[in-house]
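A.B. asks: Here's the letter readout for the chains.
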Amino acid sequence: QVQLQQSGAELAKPGSSVKISCKASGYTFTSYAMHWIKQTTGQALEWTGYIAPGSGGTKYNEKFKGKATLTVDKSSSTAYMQLSSLTPVDTAVYYCARAGYNSGYHFDYWGQGVMVTVSS
Amino acid sequence: DVVLTQTPPTLSATIGQSVSISCRSSQSLLHSNGNTYLHWLLQRPGQSPQLLIYLVSRLESGVPNRFSGSGSGTDFTLKISGVEAEDLGVYYCVQGTHAPTFGAGTKLELK
Chain A
331 QVQLQQSGAE LAKPGSSVKI SCKASGYTFT SYAMHWIKQT TGQALEWTGY IAPGSGGTKY
391 NEKFKGKATL TVDKSSSTAY MQLSSLTPVD TAVYYCARAG YNSGYHFDYW GQGVMVTVSS
Chain B
8 DVVLTQTPPT LSATIGQSVS ISCRSSQSLL HSNGNTYLHW LLQRPGQSPQ LLIYLVSRLE
68 SGVPNRFSGS GSGTDFTLKI SGVEAEDLGV YYCVQGTHAP TFGAGTKLEL K
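Line order of the protein sequences matches chains A and B.
Just so we're aligned: the first sequence equals residues 331 to 450 in our numbering.
Just so we're aligned: the second sequence equals residues 8 to 118 in our numbering.
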């Protein structure tokens, strides 16, 4: 069965960076785009961007350009998101979710989420 | 950005009651290819969101048929015909016709 297993919670200081992971299993990793979605404590959801694992091609929400960097390791079917120059505004739960290409962002499987807390 | 406005923000229901949630878009969600990329998610307490309905009205595999979706253009509705306890949580609409955006959510709680 399809599973997206994310890494554990992160506590980071302002100005630092974190790199969170999402290990995919149960499907062909390169056949679906991997998206990242931010959820703040107010429950608002915000699309960060996606990566095409086969080509490494990326597309970002304009708001997250320079903040988020998406990469993959095809050998381990793992997607990564690095968040840089962290501020308290970046405190949120970050989900990975897969969607088929040309599916219109039809997020059919989600990871369990990673809580990133930015605090001095 | 496309703004999705969900109403009501909170919905109180009894078990067995039928309820509807509205999602209105600031722009038409009809894509040039003829598809309308409006989907519905449910986030149960303490869980990740899960897909319920995609392309306005198509039920995701495994989702009970008491859930249904309808609408076109800028106005969309999710209906639950006979709420069950497992349906409690926050419902979100999400559009993928343009750069993806989410509604603010509708919390379904027991009356």
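Hints were generated in silico from the structure; no laboratory data involved.
It cannot be assumed that every hint is accurate.
Selected chain B positions facing chain A (in silico; Cβ < 8 Å) [stated by the list, open to error]:
hint, residue
1, SER39
2, ASN42
3, PRO52
4, PRO56
5, VAL97
Glycine residues also receive a C-beta, built at the ideal position from the N, C-alpha and C atoms.
A.B. asks: Would you mind marking each hint as holding or not holding in the structure?
C.D. replies: Do the hints match the structure? See the list:
| no. | hint | verdict |
| --- | --- | --- |
| 1 | SER39 | violated, 12 Å |
| 2 | ASN42 | holds, 6 Å |
| 3 | PRO52 | violated, 11 Å |
| 4 | PRO56 | holds, 6 Å |
| 5 | VAL97 | holds, 6 Å |
In terms of the numbered hints stated before, the structure departs from hints 1 and 3, listed from lowest to highest.
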